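Everything in the sequence shown is counted per my numbering, starting at 3 for the first residue and increasing by one.
Heads up, some of the hints might be wrong.
Subject to a maximum C-alpha distance of 25 Å in a straight line, what follows is the list of computed SDA-like cross-link-like pairs (lysine to any residue) [said to hold, decoys possible]:
1) Lys401 with Asp218
2) Lys340 with Pro161
3) Lys68 with Tyr201
4) Lys5 with His32
5) Lys350 with Lys235
6) Lys419 with Lys340
7) Lys350 with Ser296
8) Lys340 with Tyr378
9) Lys180 with Lys68
10) Lys281 with Pro161
11) Lys85 with Asp220
12) Lys180 with Lys340
13) Lys158 with Lys203
14) Lys419 with Ser191
15) Lys349 with Ala282
16) Lys235 with Val54
17) Lys68 with Phe134
18) Lys367 with Leu345
19) Lys367 with Glu320
20) Lys340 with Val256
21) Lys180 with Lys401
Per label pair, the in silico range of CB-to-CB distance [stated by the list, open to error]:
22) Thr6 with Gly375: 42 to 52 Å
23) Gln160 with Lys337: 13 to 23 Å
24) Asn429 with Lys341: 36 to 46 Å
25) Asn429 with Lys85: 28 to 38 Å
It is worth saying that the hints were derived from the structure and are not from the lab. None of the values given here were measured: they were computed from a predicted structure. We put the beta carbon where it would ideally sit given N, CA and C, even for glycine.
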Amino acid sequence: MQKTTVKYPYLTREVEIYERENGHKIVLAHKEGELVNVSSWVKTGSINENDVNNGISHFLEHLMFKGTHKHPAGEFDKILEAKGGIVNAATWKDYTFYYVTLPQTDLYECIELHADMMLDPILPEEEIGMPFDLDDTSVTDKRERHVVIEEIRMRKDQPWTKVYNACNFELYKKHPYKRDVIGTPEIISSVTREQIMDYYKTFYSPKNITTIIVGDFDHADVLKKVEAEFDFKGRRGKCNPVNPQDTPTNETIVIENTADVSTSYLMVGWLGPRACDLKAAICFDLINIIFGRSTSSRLYQNLIEKQPEPIFNMISTEHYQFKDGDNFFIQANFKPEKKETSLELVKKEINELAQLPVTDEELEKAKKKMLSGFAYSAETVSEIGENIGYYMTVCENLKLIEEYLNDLNSITAQDLKETIHQYLSLNNSVISVLEPYQG
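I would like the entire structure built from these sequences, with the hints used as guidance.
In structure tokens, the structure reads:
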């Protein structure tokens with residue numbers, strides 16, 4: 003077993019990374035206190051899906067809690083929540099992760115239960131629900147298949163989901179990121195247990211899983227415990243497919259849709275650098291703060307505070323970080339009758355972002371916010387676990403965190419200018435507009 007260590011800022015002890023012969027990684031991080039966080043991050047999400055099984059990663063996440071050969075459905079949650087544990091999971095484009103935060107006195111039992119859930123899900127048909135025809139209104143089964151379908155329908159009725167999905171789809175030519183993580187009712191209603199189990203066996207392989215323990219514990223004993231409980235019994239899995247990084251559009255793409263809404267919605271999106279390009283990712287985070295993440299940001303000040311008449315109800319920016327290339331978004335909600343004015347004002351702000359240099363005051367203020375946020379993320383075991391999981395799974399390199407503070411402090415206004423010119427041109431953008439139905 004290969005061991006490496008990482009100097010994690012603000013922690014009093016180096017983080018230990020152990021890579022086993024089968025590829026399973028175990029990360030141990032010391033944080034004083036009474037709570038521990040146990041999580042496993044799997045390198046699979048919608049990035050490993052196609053048009054036939056889109057949504058299977060998220061569906062499987064639900065089904066992982068539906069029992070093992072040792073513990074029936076619901077027992078895992080019941081035992082840990084009775085001990086004060088917080089149990090949850092999440093699926094995104096690059097990963098699926100499962101975590102428990104609970105008192106450190108129950109750590110060893112938690113590891114046993116967590117490993118059992120990760121390695122021996124039985125995916126019982128009675129919990130999944132039988133495949134069915136969406137047009138058959140007589141089907142009243144309320145099993146997990148129907149829970150997920152209802153979640154999809156509720157989410158897709160949300161205006162921000164509609165405007166985001168339209169923008170996201172056009173950002174990509176072929177990459178799986180273009181699909182919605184949650185999938186479609188058509189696929190979830192018809193996918194079989196065998197297909198789900200095949201997906202699990204393929205992608206929940208030891209080389210795809212990183213198990214992270216954060217808290218105050220004996221590292222040697224916990225390492226032995228994790229090794230013993232995570233017995234993959236010779237399981238192997240194929241390597242994840244490699245997806246070529248999509249290139250940005252070379253002309254502005256505009257998509258216009260209508261829905262049963264009372265106000266209008268806007269998203270402007272760009273493709274960015276890979277998440278492992280740490281300095282570029284930090285530049286994007288700084289631009290995000292300066293351009294649209296607070297009431298003092300350029301967008302808020304220029305388009306809400308200083309407008310002679312109200313046009314925008316809200317406007318902000320987002321930076322999403324992905325293994326095969328980040329996204330940067332402007333999102334706005336505006337008065338429907340002011341559509342043309344709204345679009346022109348946003349385009350003007352985009353052009354001025356490239357033309358008006360970031361001031362020293364803007365840069366230092368943004369850096370202070372990021373430094374504060376980074377320090378806060380080292381305060382709780384759950385935040386530390388999530389941060390480690392992100393670097394291990396999306397960036398595939400926890401060593402990057404050693405350089406984070408130095409890279410952040412070294413960034414100049416010129417760095418931001420170059421990043422803006424390289425990635426955030428109006429000509430490389432996708433604009434998605436959602437308006438109320440006419441008539």
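These are the hints, each one checked on the structure:
1. Distance check on the hinted pair: Lys401 and Asp218 sit about 22 Å apart at the alpha-carbon level, within 25 Å; holds.
2. Under the criterion of a C-alpha separation no larger than 25 Å, the hint pairing Lys340 with Pro161 is consistent with the structure, at around 18 Å.
3. Among the hinted pairs, Lys68 with Tyr201 is consistent with the structure: their alpha-carbon atoms are about 16 Å apart, no more than 25 Å.
4. This hinted pair checks out: Lys5 and His32 have alpha carbons roughly 16 Å apart, not beyond 25 Å.
5. With a C-alpha separation of about 59 Å, the suggested pair Lys350 and Lys235 falls outside the 25 Å cut-off, and the hint is violated.
6. Restraint check: the Cα-Cα separation between Lys419 and Lys340 comes to about 31 Å, which exceeds 25 Å; the hinted pair is violated.
7. For the hint pairing Lys350 with Ser296, the CA-to-CA distance comes to about 19 Å; that is within 25 Å, so the pair holds.
8. In summary, the hint linking Lys340 to Tyr378 is not supported, as the alpha carbons are separated by about 40 Å, beyond the 25 Å threshold.
9. Proposed proximity of Lys180 and Lys68 is contradicted: the alpha carbons are some 29 Å apart, above 25 Å.
10. Taking the CA atoms of Lys281 and Pro161, the gap is about 33 Å. The hint is violated against a cut of 25 Å.
11. Between Lys85 and Asp220 the CA atoms are separated by roughly 21 Å; this keeps the pair inside 25 Å, and the hint holds.
12. The suggested pairing of Lys180 with Lys340 is violated, with an alpha-carbon distance near 30 Å, which exceeds 25 Å.
13. About 30 Å separates the Cα atoms of Lys158 and Lys203, which puts this hinted pair outside 25 Å; it is violated.
14. Between the alpha carbons of Lys419 and Ser191 the distance comes to roughly 48 Å, so the proposed pair goes past 25 Å and is violated.
15. Taking the CA atoms of Lys349 and Ala282, the gap is about 23 Å. The hint holds against a cut of 25 Å.
16. Only pairs whose Cα atoms come within 25 Å are accepted, and Lys235 paired with Val54 is rejected, the gap being roughly 30 Å.
17. Between the alpha carbons of Lys68 and Phe134 the distance comes to roughly 20 Å, so the proposed pair stays at or under 25 Å and holds.
18. A threshold of 25 Å between alpha carbons decides the hint, and for Lys367 with Leu345 the separation of about 28 Å lies outside it, so the pair is violated.
19. A C-alpha spacing of about 18 Å is found between Lys367 and Glu320, which places the hinted pair at or below 25 Å, so the restraint holds.
20. Under the criterion of a C-alpha separation no larger than 25 Å, the hint pairing Lys340 with Val256 is consistent with the structure, at around 17 Å.
21. Simply put, Lys180 and Lys401 have alpha-carbon atoms about 29 Å apart, too far for the 25 Å limit, and the pair is violated.
22. Checked against the hint of 42 to 52 Å, the C-beta distance between Thr6 and Gly375 comes to roughly 26 Å, which is inconsistent with it.
23. Separated by about 20 Å at the C-beta atoms, Gln160 and Lys337 satisfy the suggested range of 13 to 23 Å.
24. Here the CB-CB span from Asn429 to Lys341 is close to 21 Å, at odds with the stated 36 to 46 Å.
25. One distance hint, 28 to 38 Å for the beta-carbon pair Asn429 and Lys85, is violated here, with the actual separation near 55 Å.
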